[in-house]
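2 protein chains.
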Amino acid sequence: MSVLVSGSIAIDNVKTQKASEENLLGGSASYAAIAASFFSPAHIVGVVGHDFPQEHLDLLKSREINLEGIEVSEGETFRWSGEYMEDMNERETLEVALNVLESWKPSVAESQKGAKINLLANAHPINQHDVIDQVLEGPGFTIADTMDLWIQISRDELERLLHRIDLLVLNDSEAKLMMDTSNIVAAGKQLREMGPKYVIVKKGEHGAMLFAENDFFMCPAFPLDDVFDPTGAGDSFIGGFAGYLASLGQQEYSFDNLTSAIARGTILASFTCESFSTHALQALTEEKFEERLQQFRDYCDFS
Amino acid sequence: MSVLVSGSIAIDNVKTQKASEENLLGGSASYAAIAASFFSPAHIVGVVGHDFPQEHLDLLKSREINLEGIEVSEGETFRWSGEYMEDMNERETLEVALNVLESWKPSVAESQKGAKINLLANAHPINQHDVIDQVLEGPGFTIADTMDLWIQISRDELERLLHRIDLLVLNDSEAKLMMDTSNIVAAGKQLREMGPKYVIVKKGEHGAMLFAENDFFMCPAFPLDDVFDPTGAGDSFIGGFAGYLASLGQQEYSFDNLTSAIARGTILASFTCESFSTHALQALTEEKFEERLQQFRDYCDFS
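Protein sequences appear in the order of chains A and B.
Read the first sequence against the working numbering and you will find it ends at 1253, with the numbers running on by one and no gaps.
Read the second sequence against the working numbering and you will find it ends at 1253, with the numbers running on by one and no gaps.
No wet-lab data here; the hints were simulated from the structure.
The structure displayed is predicted, hence computed values, not measured ones.
Some clues are possibly wrong.
It does not matter which identical chain is used: a pair holds within one copy or between any two.
35 Å max Cα-Cα, derived DSBU-like pairs, lysine-lysine [said to hold, decoys possible]: (1) K968 - K1147; (2) K968 - K1153; (3) K1139 - K968; (4) K1063 - K968; (5) K1238 - K1011; (6) K1063 - K1011; (7) K1063 - K1147; (8) K1238 - K1066; (9) K1126 - K968; (10) K1011 - K1055; (11) K1011 - K1139.
Extracted from the complex, chain A is given alone in its bound form:
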């Protein structure tokens, strides 16, 4: 079983207090697809410009990701430049240029329509609706990520989306913003009542919470005493989540399966934080992954 990942594909310039690098592979779909491909075949739907580095496409190919849904447009690729402060929770966006993303109409390739999990990585809700329209009757499980910007400027489309997906994933600050409450647990519960069967609230270094009708799960983040670059950690988390879920090869998505998938996504996100871009994800071996997963289990264990 495979995962269809749609969303942004970007060229990032990232600066931290220790290092900086330009022309990095970025974007929600890039991180999510590479993370998903650690567990399952992945397909990507997005848009890039004429300036998009071939090496980035080669990387996606090397992960055996189906690229037929990538449109290569005449304009320039979506670009994001940001700087992290000494406190890695504080980030300043230095520059954003939507470029080809602005007029993008996602187009899912025929070869991609068999995917059983539809991961709508962070993108404009209208783009997310577009993808659902093209794969109706297809995927067995639809996940949507979102962000503060869409909550603010595209709330109607986002609310409409909530009735078309199985799982909504968003940050704690975004959940609180959307539900106008300062309590994360209340926000998660209220969001679930707006349509999706499940809601995941991501809390960054504090882990994640999963809300279901009669069930609840919470798990910490993997502890890192040196975060190198957290860009894309949330996208890697949900990509890993979706990829692991697909790898289980079931049409039924049980709550227990979702909790297992959250643990796996958490581990992938921790690796993403240890390098620029998707470098650590690319270098990740099954052995290193399993070792950290076991460590994570030990760290969370009490009797």
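Chain A is already provided as a structure; the job is to place chain B on it using the hints.
Chain B in isolation, oriented as in the chain A frame:
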């Protein structure tokens, strides 16, 4: 086995956006001793003034807490007034009057010196040293809580204290302040290197982390979608932790025992958040406690 709890005993006036109440039992030692007494016999060392309500003393007595270490002084009891904002993480101190606490010299009663766990609840480090001086050779395990104020104005005494205790407990913001880092994991590790065998970093609604030389444990907080009054949650946490540890009746404090104790402290803290003062702790039955602990286990479980 029993727990010796020293620290502040206060009269609190608390205001939230929903309710307010005056002349509540407050103070680090009050919460911690009542929480500890849920699992084990407890002794309390502190000071109150002539104005201290008899009902508060009666409550402590009803928990079979040994009060011989409470000095009743001529002045007025330590008072704290605070207000919680709509976001319960934001608290404004409206008034603090140290009163009898200012010149307090803790005096551990002879009948209290057999306690095996010495919990130095939040108080001036000099008071904490005083207690250790009086029970030298006594307790098998010494725990100290602290706060930002002592880090700022009494750092030398605090650093000296770190060599005399087994476990330091403090908030994440305090750990970061003390180690001058924005990374909680790094702060915890560095604090451990300053003396104590163990460090617990409390993260409020995000749970807690335990640092040991070659071991690590983390656990979320119990999820509450309606926090009524979080005053004393951290004190209840560490009081419950110490009480549970004492109840195990072992002189050896294994890492696994500490993680079990953290889970129990977490549950008691969650109850404290559901009422003013120690009201919910007082009303807590073993059945309600066990039910929530099982729920907590389920919430944290993944495969």
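Status of the hints after comparison with the structure:
no., hint, verdict
1, K968 - K1147, "between (42 Å within a copy, 31 Å between copies)"
2, K968 - K1153, "both (24 Å within a copy, 27 Å between copies)"
3, K1139 - K968, "between (39 Å within a copy, 21 Å between copies)"
4, K1063 - K968, "neither (43 Å within a copy, 52 Å between copies)"
5, K1238 - K1011, "within (22 Å within a copy, 55 Å between copies)"
6, K1063 - K1011, "within (18 Å within a copy, 70 Å between copies)"
7, K1063 - K1147, "within (23 Å within a copy, 56 Å between copies)"
8, K1238 - K1066, "within (28 Å within a copy, 42 Å between copies)"
9, K1126 - K968, "both (32 Å within a copy, 19 Å between copies)"
10, K1011 - K1055, "within (22 Å within a copy, 71 Å between copies)"
11, K1011 - K1139, "neither (39 Å within a copy, 41 Å between copies)"
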